[in-house]
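Q: Build the complex: two chains, separate frames, hints provided.
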Amino acid sequence: MKRNGLNTFGFLKSDRRLLRAEPDFRPMARLLQVNWLYVLLVCVLAGVGYIALYSAGGGSAKPFAGPQMVRFGFGLVMMIAVSLVSPRVLRMAAVPVYLLSVTLLALVLRMGHVGKGAERWINLAGMQFQPSEFAKIGLVLMLATWFHRIGNERMGNPLRLIPPALLTLLPVLLVLKEPNLGTATIIGVIGATMFFAAGMRLWQILLLVAPLPFMGKLIYSHLHDYQKARIDTFLHPEHDPLGAGYNIIQSKIALGSGGMWGEGYLHGSQGQLNFLPEKQTDFIFTMIGEEWGFVGGVAVIALLGTLVMGGMLIAIRSRNQFGRLLGLGIAMDFFLYCAVNLSMVMGAIPVGGVPLPLISYGGSAMLTMMFGFGLLMSAWVHRNERDPGTEDDED
Amino acid sequence: MFSRKTPFRSRIRQKRQAEPVRSGRGVFTRRALLVMAVQAGVLGVLGRRLYNLQVVDGGHLRQLAERNRTSKRLLAPARGTVHDRFGVALADNKVSWRALLMPEETTDIPAVIERFSQIVPLDEHDRARIERDLRHVHKYVPVTLHEFLSWDDMARIELNAPSLPGVLVDVGSTRLYPFKGLTAHIVGYVAPPNEEDVVKDTTLSLPGMRVGRAGIEQTQEASLRGEPGSVEMEVNAVGRVIGEIDRVEGQQGEDVRLTLDSVLQQQVLGRLEDRVASAVVMDCRNGEVMAMVSTPSFDPSLFDSGVSHAQWNEWASDPRTPLVDKAVSGLYPPGSTFKPAVALAALKSGSVTAQDRFNCPGYYDLGGVRFHCWNRWGHGMINMREGLKFSCDVYFYEVARRCGMDPIKAVGNTMGLGVKPEIELPHVRSGVIPTPEWRQKHGFHWNGGDTVNAGIGQGFVQVTPLELATYTSRIASGRNVQPHLLRATNDQISTMASADDVPKVDLPPEFLDVVRGGMFAVVNDQHGTAPKARLDLPGIQMAGKTGSAQVRRVSRALRESGHFNSMNLPWEYRPHALFICFAPYDNPKYAVAVVVEHGNAGADEAAPLAKLIMTDTLLRDPASDVRPAAPGMASSVVPNAAPPPAGAEMPSAPAETGTSVPTDPPVAQTQPEPGAAQ
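Chains V and F, in that order, are what the protein sequence lines are. Under my numbering, the residue at position 343 of the first sequence is numbered 343, and the numbers go up by one with no gaps. With positions in the second sequence counted from 1, the corresponding number in my numbering is that position plus 395.
Pulled out of the complex, with its shape left as it was, chain F reads as follows (with noise of 0.2 Å):
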């Protein structure tokens, strides 16, 4: 019964076949049975862990698979705009879009590249930076390509979507300035954040936020900022989105206004023409500033995608710092625009009456040494508001030594010199007014000649031209106004700070209605030392103050050479041209302090200036709040089409114009009279 015949069958086993041998079941049983045991044990091991990760371990590993379902991201707010007082736009947002590379979505990823960069040109930077960012993220993460993409390069990239797989456009927002450099230094700019910023607030690393460098964008950040808003959505694993689920809108950031007039500023900036200057118009009631204009300026939407270094150095390298706010941290002497600080002073002091009548032969001696008038031939016997007319620099030495720098100062202050104005601004400097204490805290002697100096405004006094302006403003209006930059914030219309609010000037209303005849005189009187800022409108007459101020020491011997003209010396070495005023003369509504850097003479290159500044301010009447061209009161700019509104001539970059110094005297300067000289 078990003879089958088996084909393989050995010699072996057939002799064997006789005596039955142990089939060798009863081992592979027990054999197999530890097997199974084995192989039960290996299995009940595996569902003690699958409990183990499905039911004890379950809570922490549900919560991981919810962050792995889910995925925040934080939207970027849009960043509130900067309005000027009539609603103008002057910094605002503007749609942009980006090329972004989905690097798991393309299999080729040099070959769509290079295609990309037949349609949008991409240079060594952008490749170098593409295949960086290659090499560093993951596959699912985007590469941005190139951002700033124009409609044209945006609208070609799409059409060609079909060769360019993975390629795909984002819409972004940049920072607009509609008037490039005119208010480059009152907003500033922004720029992308650096890693320290994002250290302190992680939000700013989300694409697109920007953080202000300069200006307004940097004082006023906090509010131009916004919160962030998040939208949680379902992803899966390569981070594509499936759906939304939540949704926080942000807060957009709230739009600032400003005091500024972009109309008057343009027009201020139309009359500086290429000249290194600087020009601050303040309502003189308020302190609200109208115009303030620094020249030359730079474009401030370069920022916004990173300046080039070869643009960087171009600006750093300017001997005329177009990235610096002459208006507010140029320090210059201020010259003969000191004077009527010096005569208050005086006055207030009661070492001198408005009365008091000094010799000017042309010169005046202290210790032994001869300090000069600018005019060599002398005024005569002059008081305080003859010395303001001709700006007599003898009756100021004397002034200023009976009188002592103590009050100078402490007046000085009071009018808002040697103070640092409190404006809504970074990089805001300080002036100085020197005593002969500040002089020792800085290891030097004081001398009597340090007084003289001090006193026409020479020497070691420094201002810079916003606290003239603020200066003439409390000269004007006997109110302590501090100059100020904000409006209001979120388009309420705030009305005009009324005067009356504005506390006065902690002097006697007498001494400065002598300064401000002073001043009327310089302007209105025959023999006036600035004839030329004399007012062209029926009515309205103006007072002012002119000065300039040294650089440079001239030797007694070029001096009495007889030869010495100042217009001949280098464009670096001549004196800056200083002219502060105030308009209408009976009813004070504007003040303008205008610095032109080696202007050479106040009474003819800055006070011409101002008197059309003025003219300007005065036509326009800003502050009147009742602007019918007001172009929309909201951030209603349309991107790329923001023409200055009417009549008002833009100028180029100024950067733009070249790097050489100008050399040319401006016309008009034939023959100059030096204004005030040691």
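Chain V with its partners taken away, still in its complex shape (with noise of 0.2 Å):
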């Protein structure tokens, strides 16, 4: 009972007692596996999304907030039960998941809806749905699942590496071709962290690293009018400040206009009065800013930097290769997409449609990054499974 105790807080600190023991597989048992203080900051950001919609709905959970809930219920219970299945179960999806998030990208060019000059929707089943999200999924169980099956020894080989790079570039090319810069720019780097925390040999590195400058100039001249737009725009937002620039501006002023304290709930003068653009989507830790001020704005930093921390955390407690990359490939999903949204808001970065995870209004985000996090539980509840004839470095 002690052994297979619950486990809540046990992320932070050492299980040597542990490490040995056999994995339990009754379902029950699992289920106190699951790290709850992580279900719990989870809630809790959700919670935060909640608050903040509330005030974007004009201070009802009409529009946006109620639904957002429902959203978070399922995926809360998909969260738990992802959690629960075995790795090996999710190794053989891996490659089913993959083919499924590649067609879905390839379906979303032919037949995709267009909204905003980008080809990003999809219609299933009456439901918009954005596969570039699921693709990000896809791609960090792929990998995971090719770098556990070739195991570290075997990273040496480039030739061994060749095939998880296009598996990456497929769905990164495929998102650039929507177009959708930022989220092809946030797959690219997830499967690059992926390389790199598999055990990628530093010359290979560096071999790969040296063209790149040359290659983001490549990358320029192919970008899409609005794509370079975006740039310039962020390089000069005052130059067309009710055009392209309005957006960033706008932020901008509603965060100051926050200070210290905040406007106080449900009073932020610009995200009631509709200045702000997207309030209730991509610009919603704006809203946070204004009516929260730097205190609220600094909270929800910390809150999303304690699930990126607790995510990686949770990675390198694992004792399979497996569950490590699995569990850095979400954690690093759900921190690129809190940098990348705040370095917008913020006018650090050209604006492009992401999403600030479990908090911004929308439901393809919301239920992929749930099931993400489900994955990332499940290498938690699993962490004590080992590789097969594989021997930890400091054990």
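If you are wondering where the hints come from, they were derived from the structure by calculation, not from laboratory data. Take these hints with a grain of salt, some might be off.
Footprint (simulated), chain F over chain V, 3 or more residues, beta carbon under 8 Å [to be verified]:
1) 150-159
2) 190-200
3) 247-259
4) 288-300
5) 304-310
6) 322-332
Remember, it's a predicted structure, so these values are computed and weren't measured experimentally. Ideal Cβ placement from N, Cα and C applies to all residues, glycine included.
A: Here it is as structure tokens:
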């Protein structure tokens, strides 16, 4: 009982006593293995989302907050359910999930709903669905499975790295084609981080990084006009205060009007008066910053950071390469979402349609993120499964 | 214990199972920690940036936010109205409606415009303007579809509102001139401000603001315009008003009250009929202008909405110059109406006395040139009174020659001729009384002939009708009256300036008496030149002076052929007919000056008109200030319902009568007698 007992806060301290414990595969026992603190933090984040969306709805649960919580409820159940799934099953599912996500990406290019100049959405059984969100999960799962298969030893063989590189490039290129520069970059960075963490050799890394500046130039020349405009707008937002630069300027104004302590919940003038563009989706953080001030904004950033670090620690604590890479991939995905979104609303990087996970209003982002957290939690629940025939360096 | 069954396990892996390999966990942990450090760093940088934005730059950005939240809108002040002396509105404000289109509130703009045009027709010009506006303004800025909607149009738009998404009706104000052309030259008109005005005063960019472009509207712009108010409103990002925060009421423009009597003005206009003429009625005791008419006139309301090119060209090319106020800026040779001034100058200079008699044989020889009297048979030995009475040219040739130009100019200026009147109108011109120096300044030599010509108001002498009225007033009252149009602003009814307040003219009263007597004789004596001007009113007599000013030299051959009759000349070569008068003779109240362009003879054309106008004036006695028929002292003129008060005939806008010059001579002109002639 003690050995398999409720291990809620364990991810911060060593549980050496459990190290060589045989995993208990009974569902109830595994449910107890779920890191409930992390689940609690996820719920708190969703709660922050609810509060913010309630304000974005003009002090009403009606348009945004209510439906979002229903989705979160679904997502939470899904997260717990996925966390109980054995990594073996997940690895089995990796290839089909990856193929499905890539197929959906290809499909959206053919028949996607065009929104804001980009084909990003697909209509699945009446529900608007954004396959690029799903593709990230599929890629993380696929890469984790692949690196798990080859193990650390064979990372040194470049030939072994070519297939996962292609597997990464495929969704990146498809998303780039949509075109969605922001998400494509996020997918690429997730893949690269996973390559890095999987044990890619240093000489390989240097070989890849060296030509990047030239690549950058090449990519810029192939960017869409509106993507170039975004970059230009970011560099000179004041040139077009009512056009493309409007979002950034208004966002900064709203944040600034929040000050240290904020204008008070439901009293943010910019958000309540609709000066904030897309305040319930991409710019929800601005709304929080305006109403709750720097204090509230920093609290949210700290909460996000805690979730990212928690995810990374979960990854580190895993005793198998699959769990480690899965955890790292999901944590990285979450981190990149947060970082890109925050930088965007603070005017630090060009605007791209990247929501703030669990807080921004939107179904597919919420559900895919919760699915990802389920994978992360699965890595935690099954952290003590060792890769056969390997030995941890430090033990 | 690690022997889990893995269906995908590779053979290689099985082979290697014996010797454990490095799991890669150490590498992973190190690299994951590196990634975490980077992540923490990024989040830290973002937190730092948030601090900068919210706390460091907070104040500045908060100001921007405040600006975002509130929108200050200026409220156009109501323009002051213009009234006549009895409070009848001559320029008023009328509620009008304009249709606006909110581009953001409609998806199919062309369809809405199409449906709108079925209700209120839009011409090509309108459509082009709307399209241009739609391209240039932001989605939340309303575009004007149609200005100056009638009540019916407004009602129809409101009724069809469901099929016209984004169309809204806005209440504005337009300038209303109830009397149309009647006072157009005096009151002037307003027009939308041009770019230059807006640069000078940005409040003019407010919708509905107008700038006075002529007349009283122009000269009294400062008091008429008022101060714009402002309203500070809380607005959302699309500019929709959420609530009102602060409101500062503007200062309405001050009302302006004129000395005009609109009824008399109408009567005078009715008397002038379709002549190209001007007439000024002045209170000769204080210089108040009771009526000042210049025909033809124009409809000043048209300027409010912008005059069409066709209309403008029609006005501009009309030889009768409807846009010009002939009363203040029309320059005419005064002809014989100048003779009283010459007589006064001669008396003042002492070169001639009232009793000196000169012989008029019908002509006057000077330096080998023969100047004719208008009467070929001459007037015989006549004194000054008779000279005025007969309007004898030869008498005044001699007087002018003896007196010289300098006293004539000095006395003329004293009497208000050749001096720009200080009246509250723009584009007021000054007449000219020539002197040898003036002529030399222009590079010409002054001949003796020029002096004798000036003696009968010909040659280089030029005056305006307003100057003539002022001059007549000064002769009549002996006071140095200044013509003026403004009475009081803001509804204060000023009591008439008493005659005693006006200083006397700088001339001995006995000289004025001589001239007044001569002018009395012109109208009332047997053989006076203007018997047609004799008043039919019992006990009231009028004094006056005719004038016929040639606009073209009559050749000697033609004159001596004996067949000369100026009525046979084309209209534009006929002499101008002038008449000045004042009445009652024994206690002068009013002075009238009439100039009929190309009216041929003052005695026949202008004198009867002046008599009628003077009769109207005396019967009405507008300066008595106790008029029962003063409809509403305030700006109470109902829009669209300003019927001309009692008994006035109001001719339709003269511009509509056609552009052709009236070639038919006025009736009762079958045997005209040339008035003054060279």
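Q: Run every hint past the structure and note whether it holds.
A: Tested hints:
A stretch counts as covered by a chain when three or more of its residues have a beta carbon under 8 Å from one of that chain; for the segment 150-159 of chain V and chain F the count is 4, and the coverage holds. Check on the segment 190-200 of chain V: 5 of its residues sit with their Cβ under 8 Å from a Cβ of chain F, so the three-residue criterion for coverage holds. Figure legend: the segment 247-259 of chain V, annotated as covered by chain F; annotation consistent (9 residues with Cβ-Cβ distances under 8 Å, at least 3 required). As drawn, the segment 288-300 of chain V meets chain F at 5 residues by the rule of a beta-carbon pair under 8 Å; at three or more, the given contact holds.
Judged by the Cβ-Cβ criterion of 8 Å, the segment 304-310 of chain V is covered by chain F as claimed, because 4 of its residues qualify and three suffice. Under the rule that three or more residues need a Cβ within less than 8 Å of chain F, the assignment of the segment 322-332 of chain V holds, with 4 such residues.
Comparing the model with each numbered hint stated earlier shows that all of them hold.
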